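Student: Those protein sequence lines, which keep their order, are chains A and B.
Here our numbering is used: position 652 in the first sequence is 769, and no number is missing along the way.
Here our numbering is used: position 248 in the second sequence is 467, and no number is missing along the way.
No wet-lab data here; the hints were simulated from the structure.
Take these hints with a grain of salt, some might be off.
Pair by pair, the computed Cβ-Cβ distance ranges are [claimed, not checked]: (1) B:Glu374 to A:Asn721: 38 to 48 angstroms; (2) B:Val283 to A:Leu261: 39 to 49 angstroms; (3) B:Asp288 to A:Asn721: 33 to 43 angstroms; (4) B:Glu346 to A:Gly419: 22 to 32 angstroms; (5) B:Glu371 to A:Thr606: 39 to 49 angstroms; (6) A:Glu560 to B:Gln395: 49 to 59 angstroms; (7) B:Asn356 to A:Glu680: 52 to 62 angstroms; (8) B:Gln395 to A:Glu247: 36 to 46 angstroms.
The structure presented is a predicted model; accordingly, all values stated were derived computationally and were not measured.
Beta carbons: idealized from backbone N, C-alpha and C, even for Gly.
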Amino acid sequence: MEVTRVKIAVVGGGPAGLYASLLLKKEYPSWDISVYERDPADNTYGWGVVFSDATLSNLREADHETHERLTDTFVRWDPIDIFYEDEHIRCGGHTFAGIMRSDLLAILQDRCRDLGVEMHHETTIEEPTELADEVDLLIGADGLNSVVRDAYEERFQPRIETGSAKFAWFGTEKPFDVFTFIFRENEHGLWRIHAYPGTKSTFIVECTEETWTNADMDELGETEALAYFEDLFDDHLAGYDLLAKLYSWRNFPVVNCRRWSIEDRVVLLGDAVHTAHYSIGSGTKLAMEDAIALLEGFREHGQDVDAALNWYEKERRPRVEALQAAADRSQQYFENVERYWDLPPQQFAYNLLTRSGRISYDSLKMRDVSYADGFDRWFQRYQYTPGDGTPAESLPIAANQPLHQPLKLRDLTISNRIAITEQPTSSSDDGMPSSTYLEALIERGSRGPGLLLTDPVAVSPEGRITSGTPGIYTDEHVDAWAEAIESITASADISIGIHLVHAGRRGAMRDRHHGLDRPLPNTQAWELLAPSAIPYTPGGHVPREMDDEDLEAVRMAYSAATERAVEAGFDMVQLHAGHGYLLSSYLSPLSNERDDVYGGSLENRMRYPLEIFDQVRSVWPDERPVGVTLQSTDWNLNGFKTYEAQEVGAALKSHGCDLLSLVAGQATIRERPKYDPTVLADFTESFRNELDIPVLATNYVTTYDEVNTLVGAGRADLCTFTPLPE
Amino acid sequence: MHVDVISLEADTYRSIISLASSDMRVGIGLPNTLDAADGDMLLSWARRADDGPFTSVGVFDRLVYHGTDPLATLAACAGVTEEVRLATSIVAGPLRSDALLAKKAATVDSISDGRLTLGLALGARREDYEEAGASFNDRGRRFSRQLHRLREIWEGDDIGPEPVQEGGPELLIGGQSDPTFQRVGRYGDGYIHGGGPPRAFERQAEKARAAWQESGRPGEPALWGHGYFALGEEAAELGRAYLLDYYEFTGPFAERIAEGLLTTPQEVLQFVRGYEDAGCDELILFPTVADMSQYDRLERILKNEWR
Ligand SMILES: Cc1cc2nc3c(=O)[nH]c(=O)nc-3n(C[C@H](O)[C@H](O)[C@H](O)COP(=O)(O)OP(=O)(O)OC[C@H]3O[C@@H](n4cnc5c(N)ncnc54)[C@H](O)[C@@H]3O)c2cc1C
Numbered sequence: 118m119e120v121t122r123v124k125i126a127v128v129g130g131g132p133a134g135l136y137a138s139l140l141l142k143k144e145y146p147s148w149d150i151s152v153y154e155r156d157p158a159d160n161t162y163g164w165g166v167v168f169s170d171a172t173l174s175n176l177r178e179a180d181h182e183t184h185e186r187l188t189d190t191f192v193r194w195d196p197i198d199i200f201y202e203d204e205h206i207r208c209g210g211h212t213f214a215g216i217m218r219s220d221l222l223a224i225l226q227d228r229c230r231d232l233g234v235e236m237h238h239e240t241t242i243e244e245p246t247e248l249a250d251e252v253d254l255l256i257g258a259d260g261l262n263s264v265v266r267d268a269y270e271e272r273f274q275p276r277i278e279t280g281s282a283k284f285a286w287f288g289t290e291k292p293f294d295v296f297t298f299i300f301r302e303n304e305h306g307l308w309r310i311h312a313y314p315g316t317k318s319t320f321i322v323e324c325t326e327e328t329w330t331n332a333d334m335d336e337l338g339e340t341e342a343l344a345y346f347e348d349l350f351d352d353h354l355a356g357y358d359l360l361a362k363l364y365s366w367r368n369f370p371v372v373n374c375r376r377w378s379i380e381d382r383v384v385l386l387g388d389a390v391h392t393a394h395y396s397i398g399s400g401t402k403l404a405m406e407d408a409i410a411l412l413e414g415f416r417e418h419g420q421d422v423d424a425a426l427n428w429y430e431k432e433r434r435p436r437v438e439a440l441q442a443a444a445d446r447s448q449q450y451f452e453n454v455e456r457y458w459d460l461p462p463q464q465f466a467y468n469l470l471t472r473s474g475r476i477s478y479d480s481l482k483m484r485d486v487s488y489a490d491g492f493d494r495w496f497q498r499y500q501y502t503p504g505d506g507t508p509a510e511s512l513p514i515a516a517n518q519p520l521h522q523p524l525k526l527r528d529l530t531i532s533n534r535i536a537i538t539e540q541p542t543s544s545s546d547d548g549m550p551s552s553t554y555l556e557a558l559i560e561r562g563s564r565g566p567g568l569l570l571t572d573p574v575a576v577s578p579e580g581r582i583t584s585g586t587p588g589i590y591t592d593e594h595v596d597a598w599a600e601a602i603e604s605i606t607a608s609a610d611i612s613i614g615i616h617l618v619h620a621g622r623r624g625a626m627r628d629r630h631h632g633l634d635r636p637l638p639n640t641q642a643w644e645l646l647a648p649s650a651i652p653y654t655p656g657g658h659v660p661r662e663m664d665d666e667d668l669e670a671v672r673m674a675y676s677a678a679t680e681r682a683v684e685a686g687f688d689m690v691q692l693h694a695g696h697g698y699l700l701s702s703y704l705s706p707l708s709n710e711r712d713d714v715y716g717g718s719l720e721n722r723m724r725y726p727l728e729i730f731d732q733v734r735s736v737w738p739d740e741r742p743v744g745v746t747l748q749s750t751d752w753n754l755n756g757f758k759t760y761e762a763q764e765v766g767a768a769l770k771s772h773g774c775d776l777l778s779l780v781a782g783q784a785t786i787r788e789r790p791k792y793d794p795t796v797l798a799d800f801t802e803s804f805r806n807e808l809d810i811p812v813l814a815t816n817y818v819t820t821y822d823e824v825n826t827l828v829g830a831g832r833a834d835l836c837t838f839t840p841l842p843e
Numbered sequence: 220m221h222v223d224v225i226s227l228e229a230d231t232y233r234s235i236i237s238l239a240s241s242d243m244r245v246g247i248g249l250p251n252t253l254d255a256a257d258g259d260m261l262l263s264w265a266r267r268a269d270d271g272p273f274t275s276v277g278v279f280d281r282l283v284y285h286g287t288d289p290l291a292t293l294a295a296c297a298g299v300t301e302e303v304r305l306a307t308s309i310v311a312g313p314l315r316s317d318a319l320l321a322k323k324a325a326t327v328d329s330i331s332d333g334r335l336t337l338g339l340a341l342g343a344r345r346e347d348y349e350e351a352g353a354s355f356n357d358r359g360r361r362f363s364r365q366l367h368r369l370r371e372i373w374e375g376d377d378i379g380p381e382p383v384q385e386g387g388p389e390l391l392i393g394g395q396s397d398p399t400f401q402r403v404g405r406y407g408d409g410y411i412h413g414g415g416p417p418r419a420f421e422r423q424a425e426k427a428r429a430a431w432q433e434s435g436r437p438g439e440p441a442l443w444g445h446g447y448f449a450l451g452e453e454a455a456e457l458g459r460a461y462l463l464d465y466y467e468f469t470g471p472f473a474e475r476i477a478e479g480l481l482t483t484p485q486e487v488l489q490f491v492r493g494y495e496d497a498g499c500d501e502l503i504l505f506p507t508v509a510d511m512s513q514y515d516r517l518e519r520i521l522k523n524e525w526r
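Whole structure, please, built from the sequences with the hints as guidance.
Tutor: Quick look at the structure:
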């Protein structure tokens with residue numbers, strides 16, 4: 118479409134609609150632009166709006182006048198205050214600016230008026246399609262519950278996910294002079310407050326559905342609810358009232374659209390097309406940046422409307438999605454604060470500050486070095502309990518980063534937080550680790566990890582994954598391991614763990630050089646054991662369903678392997694109960710169809726793995742730790758689920774497990790895994806903080822900054838680490 | 220990287236990669252989807268590439284379009300070259316039957332003495348599927364099965380020829396979705412990226428490495444990228460128009476691709492360095508204008524300015 122005098126209708130006079138109108142009108146004075154807004158021009162609904170980056174340089178470039186008036190009106194502040202009950206922690210260096218929504222709208226309306234945008238207030242659009250027929254372009258900037266989006270639903274394909282937390286928006290005359298998070302528990306549950314400065318302060322109350330119900334919020338009227346919070350937070354409010362406009366509780370809807378525009382007719386901007394959780398304070402900025410990108414699309418493509426709209430989406434979508442990902446993490450955090458409530462306040466605050474993934478250990482050092490150094494000192498004292506475990510009186514003057522803090526599991530002290538684990542190898546012969554294998558192990562040990570964990574080592578010949586899987590089922594094996602351990606520990610302060618495995622039905626595979634799970638030819642395979650006679654891959658070797666004798670034999674194999682591991686001099690045993698190997702194949706209904714006490718209910722499915730754990734624990738020295746590598750999900754609708762894994766984790770803990778490492782998938786070849794780099798980190802974090810048990814994170818960590826952040830924030834205790842190639 | 224002693228010989232190529240993993244190699248695409256390119260031009264690009272500095276020649280696959288068949292093109296290239304890798308970037312696997320694809324790829328690998336790098340992906344164009352008589356909706360599932368079958372055939376005795384590379388041609392898998400990365404971890408030798416700025420490559424490469432590690436595969440996945448060039452102002456215009464046309468069906472994405480077109484030496488270098496920093500093993504730069512002078516210009520930049 119090529120036109121010279123474009124006629125545009127804008128539905129919604131919020132930040133997105135007004136800003137887009139004024140930018141387009143300024144660039145193309147001949148265009149005919151009308152804004153339709155449901156509310157009156159001087160509507161004062163809404164409290165303050167935060168911009169988490171005070172410079173807003175792109176707004177300055179887009180329209181100098183608006184930028185100047187906005188920044189003249191801003192209140193600015195740097196610190197974030199965190200109140201964990203009465204404990205107060207402040208971290209500076211975050212540049213924020215705030216403005217009342219009504220002031221923002223007034224500035225934008227003035228500017229629209231000056232430039233000749235027609236504004237029709239108190240005009241509700243009911244039939245956007247009719248409006249679209251009268252104009253060249255319809256802009257839907259009508260917010261969260263966009264009627265424009267709804268009218269063309271099958272084209273935009275919106276997906277709306279509603280958050281689980283309840284929130285309500287209040288204001289108060291009480292000056293909060295910096296961004297303030299308050300966490301407070303009462304008999305009804307844990308309440309979170311987000312409060313921030315403005316002509317009037319904004320005061321958002323948030324809680325879980327459960328807390329909300331416990332407090333009868335569904336029953337209470339506005340006055341009673343306000344009184345409830347005035348009372349609960351009277352120390353922070355200092356006698357000031359809470360104020361409500363349109364009192365209501367909501368759940369945050371996350372909006373995403375498959376498409377942002379329809380040919381050359383309709384385009385969505387701002388909250389209508391995407392939302393991002395308010396806890397990262399970006400909704401308004403996103404809306405205004407959308408408007409800028411739309412203008413740039415027209416600049417780029419003249420008046421080829423279709424091309425301009427494509428350009429706008431192409432430009433904005435990746436940026437918006439990156440911000441939405443951070444917002445999602447922040448939202449997850451706030452919905453699950455209960456999980457972190459047992460962390461020490463300093464760590465609780467650290468976890469809060471680093472929640473969205475955009476701020477890390479290193480960036481906190483840049484933002485507020487005294488806060489960040491203080492955290493290191495605190496962490497060192499908290500972790501390091503010299504002598505008999507009484508914390509040092511005074512804070513250390515030369516503190517190490519969290520990465521270099523030791524971790525104690527039973528009597529074993531792991532000297533730093535980096536663990537080296539190895540993928541299954543395949544160069545051994547009948548379980549005998551080859552010399553190249555042992556040399557490689559020794560080389561890895563010499564690199565100075567706190568914990569060196571072997572790759573899966575078979576407890577018996579039929580428990581090998583491939584014919585080259587190392588084992589610990591003969592005395593010769595023990596000698597080979599002992600020699601390697603001696604040579605590693607001679608020169609380094611390092612703990613060495615053995616990762617015991619029985620491959621179960623996932624055994625007798627070819628090595629993994631050309632792919633996973635390719636069964637050995639029949640002539641080279643051996644008989645496999647499994648809870649049920651179901652092959653791992655279609656057409657693969659059918660395992661034997663384990664009978665009582667097999668159950669006992671494998672139990673004894675674990676027992677003997679553990680004794681041999683003691684003899685060889687390992688510091689720790691880690692049992693593999695993931696990735697479809699024998700123990701996890703008991704956990705998963707996909708591989709376990711038994712109808713005896715080892716199959717069926719979760720309690721039954723976890724029975725055999727727990728028996729093995731008990732057996733190992735009983736022969737392994739008391740003062741040394743036993744850990745478990747646990748399946749956290751099968752990534753299969755009918756498979757083992759995360760909530761089940763949590764129960765297994767809890768049972769393992771009560772049986773004396775000292776360390777969990779979470780892995781996912783590979784229970785069968787039919788799976789839908791997620792490779793979002795944060796998935797495993799999230800599992801790990803939730804197991805640690807739900808079950809209160811040390812964890813080894815196995816996600817792909819490549820920088821010390823990530824290790825420091827994960828360990829510092831209490832999301833992991835040990836991390837596997839893969840340095841980036843230089 | 221763990222390399223069996225027995226497989227070393229046939230596997231030299233792969234072990235060389237892993238020894239020199241921080242030095243990215245650069246390949247050049249053949250103009251096999253460009254109208255103006257005839258057989259002569261395709262083969263002379265390949266012949267020249269064989270003398271360096273390029274380490275591979277790449278081809279695209281698109282059925283309902285004017286353009287040559289990727290594997291047939293590479294087979295012809297095999298005859299006029301000796302050194303250069305022959306890469307598909309990519310072939311839409313599920314458009315083809317497993318056995319025919321396996322045989323064709325094994326043939327190219329065998330007559331080129333083990334130089335085929337087979338990049339495979341789903342291919343997003345519905346019309347290609349319709350014309351090939353292949354079903355579109357279950358193509359993901361069929362693709363996974365196909366990857367499994369390809370290895371089986373290459374390693375088995377029934378359908379020859381036996382590929383020169385042990386275990387079959389180097390197998391790269393392309394795409395963006397989670398199942399893509401699962402396939403990389405489960406069946407592939409590496410990942411081939413669909414184009415875009417170095418940062419986009421880096422994000423996907425990270426997923427490929429993570430999937431590789433989570434799958435418990437030894438070593439590192441091979442990571443390949445690709446980009447488009449049209450050097451000189453006039454060529455830039457033509458190149459952009461070609462990309463907008465070629466990717467028209469993707470909507471806003473076409474814009475993004477066209478915008479990434481490398482039109483000056485500076486842009487080429489920035490791009491190449493960016494990919495190298497992002498850990499790419501081999502980057503193939505595809506022409507968007509079928510003209511030998513495009514080859515000359517790119518070659519000059521890489522010879523004179525890079526390293
Ligand atoms: C609790 C909470 C706190 C927030 N805090 C912040 C913050 O600190 N910082 C920040 O940047 N963002 C914040 N936001 C987000 C912010 O409010 C929005 O992201 C931003 O206002 C989006 O702008 P918009 O123009 O797209 O939509 P809106 O501001 O929602 O504007 C849409 C407009 O369209 C009008 N409209 C709707 N339907 C019709 C119709 N049928 N006809 C005519 N007019 C119609 C509405 O009246 C409204 O004026 C917060 C949101 C919430 C819920």
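Student: With respect to the beta-carbon atoms only, verify the hint that Glu371 of chain B and Thr606 of chain A lie 39 to 49 angstroms apart.
Tutor: 45 angstroms, holds
Student: Can you let me know if the beta-carbon spacing of Glu346 of chain B and Gly419 of chain A is within 22 to 32 angstroms?
Tutor: For Glu346 of chain B and Gly419 of chain A the Cβ distance comes to about 31 angstroms; the hint holds.
Student: Assuming the hint says 39 to 49 angstroms, is it satisfied by the Cβ distance from Val283 of chain B to Leu261 of chain A or not?
Tutor: Roughly 42 angstroms apart at Cβ, these two residues keep to the hinted range, so it holds.
Student: Does the Cβ distance between Asn356 of chain B and Glu680 of chain A fall inside 52 to 62 angstroms?
Tutor: 55 angstroms, holds
Student: Check the following: the C-beta atoms of Asp288 of chain B and Asn721 of chain A are separated by a distance inside 33 to 43 angstroms.
Tutor: 56 angstroms, violated
Student: Evaluate the given range 49 to 59 angstroms for the C-beta pair formed by Glu560 of chain A and Gln395 of chain B.
Tutor: For Gln395 of chain B against Glu560 of chain A, whose Cβ atoms are near 36 angstroms apart, the range 49 to 59 angstroms is violated.
Student: Taking 36 to 46 angstroms as the hint, is the beta-carbon distance of Gln395 of chain B and Glu247 of chain A inside that range?
Tutor: 39 angstroms, holds
Student: Has the hinted range 38 to 48 angstroms been met by the Cβ atoms of Glu374 of chain B and Asn721 of chain A?
Tutor: 40 angstroms, holds
Hints 3, 6, counting from the list given before, are not met by this structure.
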